[in-house]
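Protein chains in written order, with our numbering: chain V, 1 to 450; chain F, 451 to 755.
Hints should not be assumed to be uniformly reliable.
To be verified - In the SDA-like style, the derived pairs of lysine to any residue whose C-alpha atoms are separated by at most 25 Å in a straight line are: (1) V:K449 / F:G474; (2) V:K436 / F:E534; (3) V:K134 / V:A116; (4) V:K9 / F:K543; (5) F:K540 / F:D585; (6) F:K543 / V:Q280; (7) F:K708 / F:G687; (8) V:K9 / F:L525; (9) V:K9 / F:P604; (10) F:K543 / V:G242; (11) F:K540 / V:V23; (12) V:K436 / F:D469; (13) F:K723 / F:G687; (14) V:K9 / F:R565; (15) F:K582 / V:G242; (16) V:K436 / F:G615; (17) V:K449 / F:M521; (18) V:K18 / F:T558; (19) F:K540 / V:V344; (20) F:K581 / V:F21; (21) F:K560 / V:M1; (22) V:K9 / F:A545; (23) V:K18 / F:P604; (24) V:K73 / V:I141; (25) F:K540 / V:L5; (26) V:K166 / V:E149; (27) F:K582 / V:T343; (28) F:K540 / V:P262; (29) F:K560 / V:L5.
Treat the hints as calculated values from the structure; they're not laboratory data.
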Amino acid sequence: MRKFLAVVKHEYRKIVLKWTFLVSTLLLPLIALCFAFVPMLIFSIKGEPTRIAIVDPSGKIAPRIRENLSADKMREKGEKAVKDSLKKLDATTDEKIKMQAQQAEESFILTDYDTAGKSPEDVRRELNRKITDKELDAYIIVPQQIDAETATVNFYSRKAGDFVAKGTLEDAVNAAVYSQRLADAKIDESKVKQLSQRIDFRATSIDERGDEKNLDWVMGVAFVLGLMIYITLAIYGQLIMGAVVEEKETRIAEILFSSARPFELLMGKLVGVGLAGLTQLAIWLVSASAIAVYFVAQMAIAGQEIPIPSITPAMIVYFLIFFLLGFFIYASIFALIGSVVTTVQEGGQFAFPPIMVLLIGFYFSFAVIRDPSSTLSFWVSIAPFMAPITMPVRIVTEMPPFWQIGLAILLNGAAIAGLIWVAARVYRVGMLMYGKRASIPEIWRWIRKS
Amino acid sequence: MNTTEVSLRVANVTKRFDDFTAVGDLSFDVCAGRVFGFLGPNGAGKTTTIRMIVGITAPDEGRIELFGQPMTAALQDRIGYLPEERGLYKKMKIADQLRYFAALKDLTGKEADRRIDFWLERMKLAEWKNKKTTDLSKGMSQKIQFVATVLHDPDLLILDEPFSGLDPVNVEFLIEVVAELKARHKTIIFSTHLMETAERLCDDIILINKSRRVIGGTLREVKESFGKNLIALRATGAEWVLEDRALVADVDARADEKILVLAEGADSQVLLKKLVDNGARVTRFEQIEPSLNDIFIEKVGGDNA
Numbered sequence: 001m002r003k004f005l006a007v008v009k010h011e012y013r014k015i016v017l018k019w020t021f022l023v024s025t026l027l028l029p030l031i032a033l034c035f036a037f038v039p040m041l042i043f044s045i046k047g048e049p050t051r052i053a054i055v056d057p058s059g060k061i062a063p064r065i066r067e068n069l070s071a072d073k074m075r076e077k078g079e080k081a082v083k084d085s086l087k088k089l090d091a092t093t094d095e096k097i098k099m100q101a102q103q104a105e106e107s108f109i110l111t112d113y114d115t116a117g118k119s120p121e122d123v124r125r126e127l128n129r130k131i132t133d134k135e136l137d138a139y140i141i142v143p144q145q146i147d148a149e150t151a152t153v154n155f156y157s158r159k160a161g162d163f164v165a166k167g168t169l170e171d172a173v174n175a176a177v178y179s180q181r182l183a184d185a186k187i188d189e190s191k192v193k194q195l196s197q198r199i200d201f202r203a204t205s206i207d208e209r210g211d212e213k214n215l216d217w218v219m220g221v222a223f224v225l226g227l228m229i230y231i232t233l234a235i236y237g238q239l240i241m242g243a244v245v246e247e248k249e250t251r252i253a254e255i256l257f258s259s260a261r262p263f264e265l266l267m268g269k270l271v272g273v274g275l276a277g278l279t280q281l282a283i284w285l286v287s288a289s290a291i292a293v294y295f296v297a298q299m300a301i302a303g304q305e306i307p308i309p310s311i312t313p314a315m316i317v318y319f320l321i322f323f324l325l326g327f328f329i330y331a332s333i334f335a336l337i338g339s340v341v342t343t344v345q346e347g348g349q350f351a352f353p354p355i356m357v358l359l360i361g362f363y364f365s366f367a368v369i370r371d372p373s374s375t376l377s378f379w380v381s382i383a384p385f386m387a388p389i390t391m392p393v394r395i396v397t398e399m400p401p402f403w404q405i406g407l408a409i410l411l412n413g414a415a416i417a418g419l420i421w422v423a424a425r426v427y428r429v430g431m432l433m434y435g436k437r438a439s440i441p442e443i444w445r446w447i448r449k450s
Numbered sequence: 451m452n453t454t455e456v457s458l459r460v461a462n463v464t465k466r467f468d469d470f471t472a473v474g475d476l477s478f479d480v481c482a483g484r485v486f487g488f489l490g491p492n493g494a495g496k497t498t499t500i501r502m503i504v505g506i507t508a509p510d511e512g513r514i515e516l517f518g519q520p521m522t523a524a525l526q527d528r529i530g531y532l533p534e535e536r537g538l539y540k541k542m543k544i545a546d547q548l549r550y551f552a553a554l555k556d557l558t559g560k561e562a563d564r565r566i567d568f569w570l571e572r573m574k575l576a577e578w579k580n581k582k583t584t585d586l587s588k589g590m591s592q593k594i595q596f597v598a599t600v601l602h603d604p605d606l607l608i609l610d611e612p613f614s615g616l617d618p619v620n621v622e623f624l625i626e627v628v629a630e631l632k633a634r635h636k637t638i639i640f641s642t643h644l645m646e647t648a649e650r651l652c653d654d655i656i657l658i659n660k661s662r663r664v665i666g667g668t669l670r671e672v673k674e675s676f677g678k679n680l681i682a683l684r685a686t687g688a689e690w691v692l693e694d695r696a697l698v699a700d701v702d703a704r705a706d707e708k709i710l711v712l713a714e715g716a717d718s719q720v721l722l723k724k725l726v727d728n729g730a731r732v733t734r735f736e737q738i739e740p741s742l743n744d745i746f747i748e749k750v751g752g753d754n755a
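Taking the hints into account, I'd like the entire structure generated from these sequences.
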């Protein structure tokens, strides 16, 4: 037991007292946040404006399209969309809509095209030539008669792949035709709008304890949480592998094995590195809480409504339990790999399958976030190897019944027992085999025999 | 030999790996306060035997007793093992690694620090205490590894090729330290294939080859039991006398002299007389005992050529 503790202390200090520990403690949350926000940023970058010629022999539709694509109209549309999706229009959303509307307007340059005295073929030929000469990016041909049910508006574009532009344009054209039809039928458009106003159907998710939650906020937290567990497990797993390979490569294993039992050494290593991982998590949790408290205080001072996050102490305990379950599962796999390979590089190749499994678990957490009470979510959140990521995500999204959490702990605990049993057998033979990598049949023999 | 002083007893030990017998029915005793040479060519089963002695693996058959008790994990703390294949943590301070190795032998706290300082001082490496392994030369790391072996003041020391990679000055230095440990009644098992060093250091030896014992006992016993009368001869003339197979079994011609192996039952005096009577001019005629190297080559060489 004293030797076990000596190993734990050694492994713990080896990680925590290094400057890389400090750097990763600071960097990992930043990386996780980048993963969460970079895709959003990329989509918000606008491209070059699209130059579009509108061919409208009737002359009635073109001005309406133009109006519909103006910033004001776009903003109106955005606000309506938010209201329709039953969300509250707060200051930040409003700001976002304004910006998007401005962007939408700037992304189109519309010109009218005079068709007088030209046959449709001439028009098309001329416009196509303009596109080839890059004077124009696209054109729209509005038919003379728009009342017909089969009326078709044709859109010809050099950038056919720009689906965002196409969608916006399609909406604008449709709305223009719609307004024109109402006008032709002498119906007051504002009256129609007023009458077809959707009622405010307000939905709020209620968890087991009857607390209300802000859904956006919960999804964000669940995603960042899943990502952090994924990254941490992958990093600490590889850390274990590196440490095992070092002891094998430098032949320190021979001295270690003559001083303590291999099982003590292996467990000491797992526990020591695990504690280092917990230390890092604790730092994150404490600083995240501190930051949260700071912001809540700021909002309270500013007199704003405070979104109360429904993170309970029980959740944090579960989170730590599942982190440890995941850690021991992947750490024992990586320790096993480390003890059969001869170099870290070789280990890297073998690390691929467990990393894949971990990644699949991370992907399943999206399914869990979307529908935490589905059958799929149930199975992936109790499954060994995946539960350490998916269950905490599920707990944050929607607290599952306790028996499911218990079952997940039980199944993953059993997986750990089995993995450590196997890893210990492979470790004590593999660590003393120098020069060559053990083959699978060889490893199988060690597991069976010893 | 006084049996109460036996610190290590290996009795009929056999170890197999699948169909391959690494150690076959091996028995020997090692007595306290003596240096025991564990000799044999590469692949003879030395490392496998040592691993069983230090408790890394268990024998399939036979017994290993340490200080009169069957081998257990607790007894590991009384052994200091310097493996042939050895290393240190690359990016760790020397003092930290030594503290860790000491802790694994159940030596911690101030006492550990005191002994680390003592041994680093003794090895003339005190100023390297807070350096990392990567800053050390090969010879220095070797000496640090030796410190790690003796730090917990073990009663049984197993040194597997301790001198490889050391310069002659450091070899002499280490031999001196080993002699000190011997004087403190420590038991030292010394495994090597350098016969000159073994001959200088060892009180007792065992030679194994192909998993089995070939010869063993005190150095004197081994040499006597080798049973060969060797004569170093430097002479000119009457060379034909050496052709007489009734007197000389074999001649090994060296640069400036010949090593003669006397025939079974032949008398060296008869040979000398015959040489002189036939007009040979003898400048050296000396009865010599076989070196360990000769014994090693004779016993092992034929198989491993």
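Consistency of the hints with the structure:
1. The straight-line distance between the Cα atoms of K449 of chain V and G474 of chain F is roughly 21 Å, inside the 25 Å bound, and the hint therefore holds.
2. With a CA separation close to 18 Å, the supplied pair K436 of chain V and E534 of chain F stays within the 25 Å bound.
3. Among the hinted pairs, K134 of chain V with A116 of chain V is consistent with the structure: their alpha-carbon atoms are about 23 Å apart, no more than 25 Å.
4. Pair hint K9 of chain V plus K543 of chain F holds up; C-alpha atoms about 15 Å apart against a cutoff of 25 Å.
5. Note on K540 of chain F and D585 of chain F: the hinted pairing holds, with a Cα-Cα distance of about 9 Å set against a maximum of 25 Å.
6. Distance restraint check for K543 of chain F and Q280 of chain V: the Cα-Cα separation of roughly 24 Å lies within the 25 Å cut-off, and the hinted pair is therefore satisfied.
7. For the hint linking K708 of chain F to G687 of chain F, the alpha-carbon distance of about 13 Å falls within 25 Å, and the restraint holds.
8. At roughly 23 Å between alpha-carbon atoms, K9 of chain V and L525 of chain F fall within 25 Å of each other, so this suggested pair holds.
9. Taking the CA atoms of K9 of chain V and P604 of chain F, the gap is near 24 Å; set against the 25 Å cutoff, the hint holds.
10. Using a Cα cut-off of 25 Å, the hinted pair K543 of chain F and G242 of chain V holds, with the two alpha carbons roughly 18 Å apart.
11. Restraint check for K540 of chain F and V23 of chain V: the C-alpha separation of about 21 Å stays at or below 25 Å, so the hint holds.
12. Distance check on the hinted pair: K436 of chain V and D469 of chain F sit about 20 Å apart at the alpha-carbon level, within 25 Å; holds.
13. With a C-alpha separation of about 14 Å, the suggested pairing of K723 of chain F with G687 of chain F holds against the 25 Å cut-off.
14. A threshold of 25 Å between alpha carbons decides the hint, and for K9 of chain V with R565 of chain F the separation of about 20 Å falls inside it, so the pair holds.
15. A threshold of 25 Å between alpha carbons decides the hint, and for K582 of chain F with G242 of chain V the separation of about 18 Å falls inside it, so the pair holds.
16. Annotation: proposed proximity of K436 of chain V to G615 of chain F holds, straight-line Cα distance about 24 Å (limit 25 Å).
17. Using a Cα cut-off of 25 Å, the hinted pair K449 of chain V and M521 of chain F holds, with the two alpha carbons roughly 22 Å apart.
18. Between K18 of chain V and T558 of chain F the CA atoms are separated by roughly 23 Å; this keeps the pair inside 25 Å, and the hint holds.
19. Distance hint between K540 of chain F and V344 of chain V is fulfilled; the C-alpha atoms sit about 14 Å from each other, no more than 25 Å.
20. With a CA separation close to 21 Å, the supplied pair K581 of chain F and F21 of chain V stays within the 25 Å bound.
21. At most 25 Å may separate the alpha-carbon atoms for a hinted pair to count; K560 of chain F and M1 of chain V meet this at roughly 20 Å.
22. For the suggested pair K9 of chain V and A545 of chain F, the alpha carbons sit about 15 Å apart, so the restraint of at most 25 Å is met.
23. For the hint pairing K18 of chain V with P604 of chain F, the CA-to-CA distance comes to about 33 Å; that exceeds 25 Å, so the pair is violated.
24. A C-alpha spacing of about 22 Å is found between K73 of chain V and I141 of chain V, which places the hinted pair at or below 25 Å, so the restraint holds.
25. Annotation: proposed proximity of K540 of chain F to L5 of chain V holds, straight-line Cα distance about 22 Å (limit 25 Å).
26. For the hint linking K166 of chain V to E149 of chain V, the alpha-carbon distance of about 22 Å falls within 25 Å, and the restraint holds.
27. Proposed proximity of K582 of chain F and T343 of chain V is supported: the alpha carbons are some 21 Å apart, at most 25 Å.
28. Among the hinted pairs, K540 of chain F with P262 of chain V is consistent with the structure: their alpha-carbon atoms are about 21 Å apart, no more than 25 Å.
29. Between K560 of chain F and L5 of chain V, the direct Cα distance comes to roughly 18 Å. Compliance with the 25 Å bound is thereby established for this hinted pair.
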